[in-house]
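**Student:** Sequence:
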Amino acid sequence: MKHIHPVFDQILGREDKERMLKQRGCVLWFTGLSGSGKTTIARHVEQELAGKGVLTQVLDGDNIRTGINNNLGFGEEDRVENIRRIAEVTKLFVHCGIVTLNCFISPTREMRQMAKDIVGADDFVEVFVDTSLYECEARDVKGLYKKARAGEIPNFTGIHEPFESPLDPDVHIVTEQQCVSECVSSVISFVIPRIF
1 MKHIHPVFDQ
11 ILGREDKERM
21 LKQRGCVLWF
31 TGLSGSGKTT
41 IARHVEQELA
51 GKGVLTQVLD
61 GDNIRTGINN
71 NLGFGEEDRV
81 ENIRRIAEVT
91 KLFVHCGIVT
101 LNCFISPTRE
111 MRQMAKDIVG
121 ADDFVEVFVD
131 TSLYECEARD
141 VKGLYKKARA
151 GEIPNFTGIH
161 EPFESPLDPD
171 VHIVTEQQCV
181 SECVSSVISF
191 VIPRIF
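Read in order, the letters of the sequence shown correspond to residues 1 to 196 in full-length UniProt numbering.
Rather than coming from a laboratory, the hints here were simulated on the basis of the structure. Computed from a prediction, not measured in an experiment: that's the story for all the values here. Every residue, glycine too, gets a C-beta built ideally from N, C-alpha and C. Worth double-checking, as some hints may not be accurate.
What the hints assert, rightly or not - 20 Å max Cα-Cα, derived SDA-like pairs, lysine to any residue:
| no. | residue 1 | residue 2 |
| --- | --- | --- |
| 1 | K91 | I118 |
| 2 | K91 | E135 |
| 3 | K52 | M20 |
Claimed, not checked - The calculated label-pair distances, taken between Cβ atoms and stated as ranges, are:
| no. | residue 1 | residue 2 | range |
| --- | --- | --- | --- |
| 4 | H3 | D170 | 38 to 44 Å |
| 5 | L133 | R43 | 18 to 24 Å |
| 6 | Q113 | S189 | 23 to 29 Å |
| 7 | P154 | H3 | 24 to 30 Å |
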């Protein structure tokens with residue numbers, strides 16, 4: 001590490017970039033089971049924020065897994081590394097004043113706490129997309145639960161691996177009781193004061 005010389009003190013700072021964008025960066029970290037509706041809700045939140053002139057970036061599990069994290073598997077160590085890398089990338093976006101919408105199962109409280117520590121507690125909004133396993137399996141738009149039940153996908157969260165629900169999320173969405181527009185409104189009303 002002695003040969004690494006960061007130049008953070010020589011480049012434009014976060015305040016400069018946020019002033020240019022007229023917004024404050026933060027991350028909305030959507031967590032929940034596969035098929036819970038994380039990406040669907042995030043896409044609608046992105047559209048709402050765009051209508052208010054907010055610059056955003058959506059980071060989705062499938063997209064990240066085919067790009068920056070395509071060398072990682074689904075064992076415990078690789079899952080932790082997946083979230084660590086995502087959090088580091090997110091921190092860069094947030095420090096540029098961009099509102100980042102992250103859609104990752106991130107199944108354990110420890111993983112989510114690690115992400116929060118990396119990004120910074122003041123910039124981290126935990127959004128729990130609370131959908132029962134029964135409902136996620138009924139939706140199963142990607143056919144993943146069926147494959148997991150058949151033994152074709154090992155280490156699948158909700159089937160073989162536990163999902164630890166957040167104890168005190170900033171926004172708690174119960175998709176079986178709220179329509180998409182209500183879910184989006186809950187997120188928007190919480191985050192707007194943080195952005196402007």
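**Student:** Each of the hints needs a verdict: does it hold here or not?
**Tutor:** Hints and how they fare:
1. Under the criterion of a C-alpha separation no larger than 20 Å, the hint pairing K91 with I118 is consistent with the structure, at around 7 Å.
2. Pair hint K91 plus E135 does not hold up; C-alpha atoms about 33 Å apart against a cutoff of 20 Å.
3. A C-alpha spacing of about 16 Å is found between K52 and M20, which places the hinted pair at or below 20 Å, so the restraint holds.
4. For H3 and D170, the Cβ-Cβ distance of about 40 Å falls inside the hinted range of 38 to 44 Å, so the restraint holds.
5. Remark: the range hint 18 to 24 Å for L133 to R43 is upheld by a beta-carbon distance near 23 Å.
6. Take Q113 and S189: their Cβ atoms lie about 25 Å apart, and the range 23 to 29 Å holds.
7. Checked against the hint of 24 to 30 Å, the C-beta distance between P154 and H3 comes to roughly 40 Å, which is inconsistent with it.
Figure legend: structure checked against the earlier numbered hints; hints not met, in rising order: 2, 7.
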